[in-house]
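A.B. asks: Could you build the full structure based on these sequences and the hints that come with them?
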Amino acid sequence: MRRLRERAIETVLFLAAASSVFVTLGIVGILVTESLPFFEHVSLKDFLTDTEWTPLFENARYGILPLLAGTFLSTCIALLVAIPLGTVAAAFLSEYIRPSVREVLKPILELLAAVPTVVYGYFALLFVTPLLQKIIPSLSGFNVLSAGLVIGVMIVPYVSSLSEDAMRSVPGHLREASFAVGASRMQTAFRVVIPAAFSGITSAYILGISRALGETMVVAIAAGMQPNLTLNPTQPAATITAFIVQVSLGDLPHGSIGYQSIYVAGLSLLCLTLCFNIIGLWLRKRFQEKE
Amino acid sequence: MELSQAGSASPSAVMHSVDDIHANIKRRQFWDFVFALVGLMSLLFALITLLTLIVDLAMTGVPRLSTEFFMNFPSRFAERAGILSAWVGSFCIMLTTAFCAIPLGVAAGVYLEEYAKKNWISQIIELNIINLAGIPSITYGLMALGLFVYKLKLGQSILTAGLTLGLLVLPIIIVTTREAIRSIPNTIREASYAMGASKWQTIRYHILPYSSGGILTGVIISLSRAIGETAPLITIGALTFIAFLPTAPVEGHFPFINFKWLMDPFTVMPIQMFNWLSRPQPEFHVNAAATGVVLLVMTLIMNGGAIYLRSRFRKKMKW
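For the record, the sequence lines run as chains A and D.
Here the first sequence is numbered in our numbering, starting from 1 and rising by one per residue.
Here the second sequence is numbered in our numbering, starting from 1 and rising by one per residue.
Hints may be right or wrong, so weigh each one.
The list that follows gives simulated cross-link-like pairs (lysine-lysine, DSS-like), each with its CA atoms no further than 25 Å apart [claimed, not checked]: (1) Lys118/D to Lys26/D; (2) Lys285/A to Lys260/D; (3) Lys315/D to Lys106/A; (4) Lys285/A to Lys118/D; (5) Lys26/D to Lys117/D.
Calculated from the model, a selection of chain D residues having no Cβ within reach of chain A, i.e. all distances over 10 Å [claimed, not checked]: (6) Leu57; (7) Val62; (8) Glu68; (9) Met94; (10) Asn186; (11) Arg189; (12) Gly213; (13) Arg225; (14) Glu229; (15) Thr235; (16) Asn303.
Chain A stretches covered by chain D per the calculated footprint, using a threshold of three residues with CB under 8 Å from any CB of chain D [as the list claims (entries may be wrong)]: (17) 24–33; (18) 192–205.
By construction, these hints were calculated from the structure, which means they are not laboratory data.
Even glycine gets a Cβ: it sits at the ideal position worked out from N, Cα and C.
C.D. replies: Right, here's the structure in full:
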């Protein structure tokens with residue numbers, strides 16, 4: 001009796017754990033099946049090489065390049081902010097600050113990641129853009145620059161927290177050896193700690209990259225939702241995510257080409273982030289083996 | 001030989017190299033100081049940005065907050081518009097999310113920590129959970145649109161939204177549950193087994209109560225994430241203009257409680273804010289700021305509470 005109950009409970013718990021796998025399968029399955037009909041209308045070659053993305057227009061064009069350019073641009077700007085800031089902040093927290101102060105500062109820094117993204121969108125549109133327009137007068141009201149900068153600040157905690165964890169897990173005797181031969185704290189940080197924590201830091205970067213790639217509301221609000229094949233950050237552009245939001249806001253009949261196009265866009269985004277996630281997993285594995 | 005050479009070196013040469021060493025130390029101390037300054041600046045930059053965001057939002061939004069703002073439906077007129085349907089929607093979805101994600105997440109966490117053997121199945125599950133945390137939230141929305149809305153015919157309802165967000169926060173709950181359970185030392189389990197308890201009894205009476213603090217922290221963080229989540233809900237087709245409330249859950253006749261509200265259409269605070277933000281008139285931007293203040297206060301309180309709980313439980317738990 002008791003054994004039977006134990007078995008039953010174990011099975012239920014196992015199913016709960018396995019459900020997370022079904023979530024992944026569900027996401028991949030639905031995205032693939034809903035976007036397959038799209039490729040009956042559009043050849044893969046057009047999809048990858050056409051330079052315009054206007055699926056909802058009269059003479060629709062289906063080139064993913066403008067959306068990819070927008071995504072690439074906003075992600076790059078975000079990383080230009082997040083990686084230096086996050087890494088330096090992590091090194092500072094891990095190597096320079098007393099543990100008691102660090103325990104206070106780190107949670108406050110992590111609050112940056114807790115602010116709802118739509119609030120960041122407000123900040124980008126109504127604070128950062130007007131501020132930047134004073135410096136660059138030609139900046140348009142919707143632009144990738146301010147969206148990217150704000151996303152960058154938003155993902156700083158993802159980069160800094162994980163990097164700091166990695167740096168702190170570097171054994172103390174490595175630091176002591178470095179100090180013993182006369183290195184300063186900065187030399188120790190750059191030549192001993194950061195190289196030793198390198199794969200951990202890289203996987204923090206990768207988490208930051210996948211956050212920036214998938215960020216939706218900030219770009220949807222502040223970057224203007226116009227597919228635009230440009231690498232000029234002062235211009236409006238649409239990312240893959242912003243396009244999905246734009247289409248979803250309208251009335252969308254099931255099975256229409258507009259409906260299929262958001263799945264194709266979603267599938268492209270998923271492929272991009274999966275690539276980075278796999279690199280991240282691989283690096284994390286190497287990191288753990290070393291420990 | 002070498003000794004005599006060192007001894008015979010002229011005093012001035014020795015002085016010179018000592019000066020060199022001093023200069024070298026000075027230089028490195030200087031750069032060390034500069035780097036500490038840069039580190040401090042980058043930390044401050046991030047914190048000041050957070051502060052600017054809060055102050056900017058509060059200056060615009062707080063004067064707009066009033067009882068009417070919470071009790072009015074959205075309107076074409078900015079000054080009459082309120083967030084009643086939005087906060088009720090957020091609340092209902094929060095409940096549904098918690099109801100579906102907590103049992104599932106805690107059960108999964110318990111299985112992975114207490115039962116799972118080191119085999120390929122549990123390895124796949126673990127890899128998958130790490131991977132899920134990195135998938136953009138909007139793809140969850142696309143999945144929900146295809147699966148819940150069209151295949152399972154749940155419609156663009158509170159139930160669909162709650163399930164979607166539930167799946168979205170599942171990895172957070174699983175990971176925090178596992179961390180909480182992992183911090184319980186094996187001696188507790190062995191003591192329980194020694195008294196003749198079965199595995200489930202050990203979990204039920206020892207593991208779960210002792211890890212409840214950590215699990216609670218995870219639940220709060222995941223709900224604060226869910227409350228601010230916008231993109232997946234827009235994708236499943238949340239309406240932006242809703243001037244009615246979900247069906248009341250209590251009624252005058254038997255059985256007094258109904259769940260019709262689960263199937264009602266909804267809007268939530270972030271979507272309402274997005275809607276107001278995407279209009280050109282500045283009066284609506286004020287409304288957006290006020291909604292943002294409400295959202296921000298809620299998430300900051302929830303996160304602050306989670307941080308407080310975490311530090312309290314860490315101090316209290318001395319094994």
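A.B. asks: Look at each hint and say if it fits the structure.
C.D. replies: Hint by hint, here is what the structure shows:
1. Distance check on the hinted pair: Lys118/D and Lys26/D sit about 54 Å apart at the alpha-carbon level, beyond 25 Å; violated.
2. With a CA separation close to 48 Å, the supplied pair Lys285/A and Lys260/D exceeds the 25 Å bound.
3. Distance hint between Lys315/D and Lys106/A is fulfilled; the C-alpha atoms sit about 18 Å from each other, no more than 25 Å.
4. A C-alpha spacing of about 16 Å is found between Lys285/A and Lys118/D, which places the hinted pair at or below 25 Å, so the restraint holds.
5. For the hint linking Lys26/D to Lys117/D, the alpha-carbon distance of about 57 Å lies beyond 25 Å, and the restraint is violated.
6. At roughly 7 Å, the least C-beta separation between Leu57/D and chain A is not larger than 10 Å, which violates its mark as non-interface.
7. Interface exclusion of Val62/D from chain A stands, the closest Cβ pair being 14 Å apart, more than 10 Å.
8. With a cut of 10 Å on Cβ distances, Glu68/D stays outside the contact zone with chain A, its closest approach being about 22 Å.
9. Met94/D, annotated as away from the interface, keeps every beta carbon of chain A farther than 10 Å; the closest lies near 13 Å.
10. The non-interface label for Asn186/D is consistent with chain A: the shortest C-beta to C-beta separation is roughly 19 Å, beyond 10 Å.
11. Against chain A, the non-interface label of Arg189/D holds: every CB pair exceeds 10 Å, the least being about 15 Å.
12. Every C-beta of chain A lies more than 10 Å from that of Gly213/D, the closest at about 16 Å, which supports listing it as non-interface.
13. Distance check on Arg225/D: its Cβ comes as close as 8 Å (rounded) to a Cβ of chain A, failing to clear the 10 Å threshold; non-interface status is violated.
14. For Glu229/D, the non-interface assignment is contradicted: its Cβ lies about 8 Å from the closest Cβ of chain A, within the 10 Å cut-off.
15. Not every C-beta of chain A lies more than 10 Å from that of Thr235/D, the closest at about 5 Å, which undercuts listing it as non-interface.
16. Listed as outside the interface, Asn303/D is inconsistent with that label: its C-beta sits roughly 5 Å from the nearest C-beta of chain A, within the 10 Å cut-off.
17. Against chain D, the region 24–33 of chain A contributes 6 residues with a C-beta closer than 8 Å to a partner C-beta. That satisfies the three-residue criterion, and the hint holds.
18. Requiring three or more residues with a Cβ within less than 8 Å of a Cβ of chain D, the coverage given for the region 192–205 of chain A is violated, as only 0 such residues are present.
In summary, the numbered hints that this structure violates are 1, 2, 5, 6, 13, 14, 15, 16, 18.
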